[in-house]
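Chains as they are written, first to last, in the working numbering: chain A, 18 to 279; chain B, 189 to 460; chain C, 161 to 487.
For the record, the hints were derived by calculation from the structure and aren't laboratory data.
Small disclaimer: the values here were computed from a predicted structure and weren't measured.
Some hints here could point you the wrong way.
Said to hold, decoys possible - Subject to a maximum C-alpha distance of 20 Å in a straight line, what follows is the list of computed PhoX-like cross-link-like pairs (lysine-lysine):
(1) A:K26 with C:K283
(2) C:K276 with A:K29
(3) C:K276 with A:K26
(4) A:K29 with C:K283
Unchecked claim - A short list of chain A residues far from chain C (calculated; beta carbon distances all over 10 Å):
(5) F139
(6) T200
(7) G241
(8) S265
Just so you know, even glycine gets a beta-carbon here, dropped at the ideal spot from N, CA and C.
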Amino acid sequence: MQSFRLYGKYLKIHFLSGLQYKGWFLMTIQVLFVVITDPIGILFLFSRFGQIGVWSVEKVILIYALAVTSFGLAESFVRGLDIFPWQMIRTGNFDRLLLRPCPLLLQAAGSSFHIHRLSRSFGGLVAAIWCLRLQEVEPTLLNALVITLALCGGFLTYTGVFILTSGLAFFTIRSLDWIYIFTNASYQVAKCPFDYVPRLLRNVFTFFMPMLVVSYYPAAAVCGWGQPYWKGLLALPAGLTFALFAVSIWRIGVRHYQSTGS
Amino acid sequence: MKIRAYLSLFRIQTIADLQYRLAALAGATTSIFWALIEITIFTVFYTYSDRTDAGLQAGLSLRQVVSYVWLGQLLYLMLPIAVDSEIQAKIESGDVSLELVRPINLYTHWFTKIAARRITPLCWRGLTVIIAGLCMPQAYRFGPPASLEGFLWTLMAIFSALFLATAFGCLLCAIRLSIDWGNGPIYMLVLIGQVFSGSYLPLQLWPQTWQRWLFLQPFAGYLDIPCRLYVGSMPEQAAAVILLQWFWIAVFVILGKLLMAKQLARIIVQGG
Amino acid sequence: MELITLSNICKTFKVSQRPQGRFAALRGAFLRQTKTIQALDNVSFSINQGELVGYIGPNGAGKSTTVKIMSGILTPDSGICRILNRVPWQERVKHVANIGVVFGQRSQLWWDVPVKDSFDLLKDIYNIPLPEYSKRLQELTETMQIGSLLSTPVRQLSLGQRMRCEIAASLLHNPQILFLDEPTIGLDAVSKLALREFLKTENKKKGITMILTTHDMADIEALCSKVLVIGHGKILFDGELSELKQLYAPFRCLKARVSQHIEPFPVPEAEQVSFHGDTLSVVFDPGKVPAHALIEYLSHHIELNDLVIEEQNIEAMVAHMYKELSL
Chain A
18 MQSFRLYGKY LKIHFLSGLQ YKGWFLMTIQ VLFVVITDPI GILFLFSRFG QIGVWSVEKV
78 ILIYALAVTS FGLAESFVRG LDIFPWQMIR TGNFDRLLLR PCPLLLQAAG SSFHIHRLSR
138 SFGGLVAAIW CLRLQEVEPT LLNALVITLA LCGGFLTYTG VFILTSGLAF FTIRSLDWIY
198 IFTNASYQVA KCPFDYVPRL LRNVFTFFMP MLVVSYYPAA AVCGWGQPYW KGLLALPAGL
258 TFALFAVSIW RIGVRHYQST GS
Chain B
189 MKIRAYLSLF RIQTIADLQY RLAALAGATT SIFWALIEIT IFTVFYTYSD RTDAGLQAGL
249 SLRQVVSYVW LGQLLYLMLP IAVDSEIQAK IESGDVSLEL VRPINLYTHW FTKIAARRIT
309 PLCWRGLTVI IAGLCMPQAY RFGPPASLEG FLWTLMAIFS ALFLATAFGC LLCAIRLSID
369 WGNGPIYMLV LIGQVFSGSY LPLQLWPQTW QRWLFLQPFA GYLDIPCRLY VGSMPEQAAA
429 VILLQWFWIA VFVILGKLLM AKQLARIIVQ GG
Chain C
161 MELITLSNIC KTFKVSQRPQ GRFAALRGAF LRQTKTIQAL DNVSFSINQG ELVGYIGPNG
221 AGKSTTVKIM SGILTPDSGI CRILNRVPWQ ERVKHVANIG VVFGQRSQLW WDVPVKDSFD
281 LLKDIYNIPL PEYSKRLQEL TETMQIGSLL STPVRQLSLG QRMRCEIAAS LLHNPQILFL
341 DEPTIGLDAV SKLALREFLK TENKKKGITM ILTTHDMADI EALCSKVLVI GHGKILFDGE
401 LSELKQLYAP FRCLKARVSQ HIEPFPVPEA EQVSFHGDTL SVVFDPGKVP AHALIEYLSH
461 HIELNDLVIE EQNIEAMVAH MYKELSL
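Generate the whole structure from the sequences, applying the supplied hints.
Quick look at the structure:
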């Protein structure tokens with residue numbers, strides 16, 4: 018409980034300092050602009066080529082939008098973990114976190130916020146709801162629950178990626194660019210109709226980093242695309258498992274830092 | 189002499205890059221991954237969609253699109269993604285006025301600096317991407333140019349694209365210098381450039397009614413024009429499109445210079 | 161009561177080296193050569209409650225490594241360290257709740273927000289009860305004279321003002337031990353004096369144990385009773401400042417103004433005699449010749465208008481000591 022309160026304080030202090038900065042409103046618009054333009058290619062392709070078998074544009078966009086919303090949530094609330102390697106380890110400011118009697122991950126997560134990134138989630142959510150309505154999904158309580166759990170699981174998954182990045186950064190900073198595959202590049206995979214995603218990619222994004230578990234399966238469950246319904250409920254446990262895996266890597270990283278001090 | 193200084197700067201930058209255990213390669217993985225996903229998506233549309241021949245009707249075969257994607261990944265590295273970090277720091281700290289002390293033209297100075305930064309990623313990261321593209325299995329492979337003549341035109345267009353990207357980068361610096369709303373507007377301009385360069389989707393596959401306008405706008409020169417020349421989907425107009433690139437370079441340079449001169453005059457009057 | 165005990169602490173670091181010769185950069189990209197550096201070599205010392213300890217040594221001697229180990233940031237390779245009956249790196253959270261650390265070159269305050277907001281956040285981080293926090297804040301605001309700064313964003317403070325706030329920030333939670341890493345670096349003379357005065361009173365009043373690393377010997381002279389000297393990872397001296405002076409700066413310098421011009425003349429048992437204008441300087445060892453004997457001897461030979469006896473400059477002493485110990 019104490020931790021949550023502290024996290025709230027971190028959020029507040031960053032929010033206040035963010036408001037002092039004149040351009041915050043434009044930054045919000047700018048992120049929204051990013052969200053709107055990103056799927057433009059896939060939209061044009063659908064309009065030129067028509068459907069792909071059973072795959073209509075709103076099915077693909079729904080999966081994509083769920084992933085984007087989750088990513089936006091993680092980016093807004095735990096951005097500190099993503100910026101952490103560059104801001105904290107490189108400058109040696111991580112020492113300061115070790116000197117405080119609070120959980121390290123909490124402090125790292127609270128070291129920076131990009132609240133304006135919430136516009137990414139906002140855009141994603143609007144698109145997802147629009148797609149759900151096009152497919153005439155019943156707004157039942159169970160369906161709403163599945164989507165909510167999917168977003169929670171997605172938030173945890175992307176938080177896990179950020180924690181993983183930070184944990185690995187204790188060992189190497191410069192060659193971390195590939196992690197981008199699991200952040201911004203990961204939801205590009207969702208643009209490809211699920212049945213046609215190459216097996217390797219499908220496995221990586223299901224069993225290692227569960228991007229498809231938090232987007233495709235919940236969407237399939239509520240829209241009735243022939244997948245068993247219970248698979249849609251796997252999002253939260255999958256996200257949690259991945260996040261815990263990331264935390265264990267982070268722990269090893271911290272131990273490494275404490276013994277090498279680099 | 190200047191060339192020599194430039195070469196040694198280039199060497200130092202490259203050594204620093206390499207020393208960090210092939211950071212370049214790590215960066216290239218992202219580009220390669222991105223290219224593979226895009227190619228997969230295109231393949232799905234060209235093979236399984238309701239209108240599989242829609243691409244050919246627009247003038248691009250699947251083979252051409254695959255090569256377009258690989259070359260596009262390379263050229264994408266060249267596009268300015270923000271105001272040059274070093275210049276940005278100077279603008280934010282107000283040290284720009286110190287730059288004026290040096291006995292050189294500030295615009296030229298920035299232009300060279302940005303150009304250098306635009307080339308370096310091409311060399312290591314870009315080369316890795318291209319080699320990876322050449323080594324892929326048939327369906328994903330970066331194919332040969334449509335013709336030798338087309339290839340020579342491509343090289344010229346890439347060369348012009350570098351100038352275009354740099355001139356736009358300088359314009360961004362000049363804009364950043366003039367407005368203090370932070371980086372929001374800059375990022376939006378950058379994004380507009382990226383979208384209309386064709387890096388999101390080859391411009392030929394955009395809606396048919398926009399084609400003429402898409403072709404004439406400045407950002408096609410970034411990426412779409414060199415890629416089209418390479419895959420041979422624009423055989424007749426090669427010389428004209430390069431002229432078009434240079435027209436936009438001139439526009440960006442003139443705008444950048446005017447804006448910068450105006451702003452620097454203000455800085456001098458107000459004393460920073 | 162022993163508050164801090166270190167015994168036989170060792171710590172080595174691996175430093176990567178770039179290969180030399182042809183294609184060095186290319187090879188360096190694939191394989192890394194490392195060199196092991198012994199940062200701390202059997203470091204042992206103990207510090208009692210309420211002591212104000214100066215920790216000195218040249219750059220790279222191992223000062224900050226020791227401080228990092230004592231504050232729980234680093235784990236040593238071997239050796240025992242107990243602080244307040246805890247092993248710092250094993251019980252990090254409990255340990256750091258009782259210590260405060262000030263880095264002269266790094267800020268612990270949030271850059272863009274007013275100082276008071278940073279303090280409020282620290283209150284939550286250290287979980288300080290509100291009444292205690294208000295009392296402590298008032299106390300610190302008064303003694304550090306930072307009342308007028310509380311509503312200013314940190315980035316707008318001068319270095320001296322910021323350092324006062326930094327120290328207040330690290331004392332908010334009433335730590336029993338305060339580590340200060342070059343706290344006076346870059347400060348002007350007035351700020352330095354004020355800071356020293358504050359540290360001294362805080363040490364007296366609250367009995368806070370303080371460990372100070374610095375390159376400014378005036379800090380040590382003004383504050384510290386006990387001095388630790390480290391070089392090449394080994395503790396070279398552990399004792400009182402006066403003992404250290406006895407060892408490395410045994411000489412005094414007598415300076416006398418004389419009324420008439422005289423030629424230099426030999427002074428028995430003196431180390432060095434010189435003239436600058438109308439000032440005569442005699443460097444002597446009080447162990448060999450007591451001051452009164454020297455003054456008596458001089459007054460027989462010349463007319464002394466005015467005289468002072470100075471200790472050797474402490475900076476010079478330390479430089480001399482580092483040289484002697486070949487650091």
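*Does A:K26 lie within 20 Å of C:K276 when you go C-alpha to C-alpha?*
Holds: C:K276 and A:K26 sit about 13 Å apart, inside 20 Å.
_Verdict on A:S265 as a residue remote from chain C, using beta-carbon distances over 10 Å_ = Its Cβ never comes within 10 Å of chain C, the nearest being 18 Å, so this holds.
*Does the alpha-carbon distance linking A:K29 and C:K283 stay inside the 20 Å limit?*
The hint holds at about 14 Å.
*Mind verifying the non-interface call on A:F139? Its CB should be farther than 10 Å from each CB in chain C.*
25 Å, holds
*For the pair supplied as a hint, A:K26 and C:K283, confirm whether the alpha-carbon distance does not exceed 20 Å.*
Answer holds: A:K26 to C:K283 is near 10 Å, not above 20 Å.
_Tell me if the straight-line CA distance from C:K276 to A:K29 falls inside 20 Å._
Answer holds: C:K276 to A:K29 is near 14 Å, not above 20 Å.
*Once the closest CB in chain C is found, is it more than 10 Å from A:T200?*
26 Å, holds
*Confirm or reject the statement that A:G241 sits farther than 10 Å, beta carbon to beta carbon, from all of chain C.*
48 Å, holds
Of the numbered hints listed earlier, not one is contradicted by the structure.
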